[in-house]
Amino acid sequence: MTAIIDYGVGNLFSLLSSLEAVGAEAAVTSSPELIAASDRMILPGVGAFGDAAAKLGVTGLGEVVKEQAAKGKPVLGICLGMQLLFEQSYEFGEHKGLGLIPGSVVPVSGLVPRGYKIPHIGWNALRIRRQSPILKYVKDGDYVYFVHSYAAVGCDGYVTADTEYGAYLTAAVGDGCVYGCQFHPEKSGGTGLSILKAFTEL
Amino acid sequence: MITKRIIPCLDVRDGVVVKGVNFRDLKTVDSPVRLAERYSGSGADELVFYDITASAEGRRLFTDVLRETAKRVFIPLTVGGGINTTEDFDRVLKCGADKVSVNSGAIKDPTLVRRAAALYGEQCVVLSVDVKRVDGRFTVFSRGGRDDTGIDALEWIRARVNDGAGEVVVNSIDTDGVKGGFDTELLSVVCDAVNVPVIASGGAGCYDDFIDLFRKVPKVDAGLAASVFHFGTVDIRKLKEKMRENGIEARI
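Same order as they appear, the protein sequences are chains B and Z.
Everything in the first sequence is counted per my numbering, starting at 1 for the first residue and increasing by one.
Everything in the second sequence is counted per my numbering, starting at 1001 for the first residue and increasing by one.
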């Protein structure tokens, strides 16, 4: 069973539907017991980093994710959920993340040339940088759907795919059992579903 | 490279798709869920659902359609029509919408965009504007293009983007339903005025209208249309092939 971690941010309806569409058993949950009993975890998220990090702290679910990941349970962070895997973010001040992957989160506006629109919204091509189990069905150049104004940096050793937007932005990361996608696999058509399928096969 | 998006728009009333010509003379087309699946399968990059219902029963049917679509279609869904409060945002987001488009609701309450962006994030708030030339000036119209608000369109768009609108849909009343091509003059001016994605709407009648749009207004991000897709005049897969032949980045 895949546990979709519900810590009070974002809309999990599409994510649950997309997992059902690839034939995976999934549950939206905030129960530490259910998360502990799950085979893998998805950390979703939309909105502001500071708010989300605070909610992970208050609910204790951040610690649950860290404990389970330390035991080798696969975790996939999506969008803001991926950004929360890093050590810190500079979105409206400085906030601590879960620190599961080295690196930090900074504004896209400081990474791309002037004239590029912020947020980076739309379908962009993946450039595969490293083999990753969750990208096993994905080909170089496949398109996925992005919506973000912040991006992960300082994580070069863990980038499994990036995308060109005037500069190369981190699109997917992986370190052991910890995975992340900046884009939304649940909104990226067949390519996105194939990534979720690969994750649920771990 | 980020691609130019092609977005079919489904006007839904009482659970079925309708398309107005110049916002009048509505005509039933097909089941929204079936159409949405067909468009997603043929390469649509996103779908827009406009709720043009007035009754509570129609609104319930609309959210049923939305929920059913979100269970089967895995591309971004934008919902508009009748969005007047943050509770309306909440209602459609819970049924699977990814983005919510506000039009007359923002005119009635100019604080709506700011409040919704703070609650749900800028990426979630789409400003939709119906624009018409009045005495040579781009002017905002409300209530589906019926009322002249007298508001200058560029000032309005800039202000709402400052408030946190993450994307802007620009619908030209002068070209809508005429099928003579997008309003490239208006779109160029809007693209120069803001630094968020701009979606062109109103006027698509054939393949070349989309090619023209992306050539004449390179900064525009997407083309939105309804009847040319519903009636099969333009096939999305073929359109994307033509875009690529013309050097326009498209997802196939």
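Hints are computed from structural coordinates only; laboratory data are not their basis.
Mixed in with the good hints there might be a few duds.
[Said to hold, decoys possible] Covered stretches of chain Z, going by a simulated chain B footprint (3 or more residues, C-beta under 8 Å):
#, segment
1, 1065-1076
2, 1145-1154
[What the hints assert, rightly or not] Computed from the model, here is a short list of chain Z residues facing chain B with C-beta under 10 Å:
#, residue
3, M1001
4, K1004
5, G1043
6, R1060
7, L1093
8, C1095
9, K1099
10, G1121
11, G1166
12, Y1207
13, A1222
14, A1250
Beta carbons: idealized from backbone N, C-alpha and C, even for Gly.
So, going through the hints one by one against the coordinates:
1. Coverage of the segment 1065-1076 of chain Z by chain B holds. Counting CB-CB distances below 8 Å, 7 residues qualify, and the rule asks for three or more.
2. Restraint check on the segment 1145-1154 of chain Z versus chain B: 0 residues with Cβ-Cβ distances below 8 Å, three needed, restraint violated.
3. Using the Cβ-Cβ criterion of 10 Å, the hint placing Z/M1001 at the interface with chain B is satisfied: the shortest such distance is roughly 6 Å.
4. The interface hint given for Z/K1004 holds, since its Cβ lies 8 Å from the closest Cβ of chain B, which is under the 10 Å cut-off.
5. Taking 10 Å as the C-beta contact cut-off toward chain B, the hint placing Z/G1043 at the interface holds, the least distance being around 9 Å.
6. The closest approach between the C-beta of Z/R1060 and any C-beta of chain B is roughly 17 Å, which is over the 10 Å cut-off, so the hint fails.
7. For the restraint placing Z/L1093 at the interface with chain B, the shortest Cβ-Cβ distance is roughly 5 Å, inside the 10 Å limit, so the hint holds.
8. Interface restraint check: Z/C1095 against chain B, minimum CB-CB distance 7 Å, threshold 10 Å, status holds.
9. The interface hint given for Z/K1099 holds, since its Cβ lies 9 Å from the closest Cβ of chain B, which is under the 10 Å cut-off.
10. Residue-level restraint check for Z/G1121 holds (minimum Cβ-Cβ distance to chain B is 5 Å; threshold 10 Å).
11. Interface restraint check for Z/G1166: the shortest CB-CB distance to chain B comes to about 6 Å, inside 10 Å, so the restraint holds.
12. A hinted interface residue such as Z/Y1207 counts as satisfied when its beta carbon comes closer than 10 Å to some beta carbon of chain B; here the least separation is about 20 Å, so the hint is violated.
13. Interface restraint check: Z/A1222 against chain B, minimum CB-CB distance 8 Å, threshold 10 Å, status holds.
14. At its closest, the beta carbon of Z/A1250 sits 9 Å from a beta carbon of chain B; the interface hint therefore holds under the 10 Å criterion.
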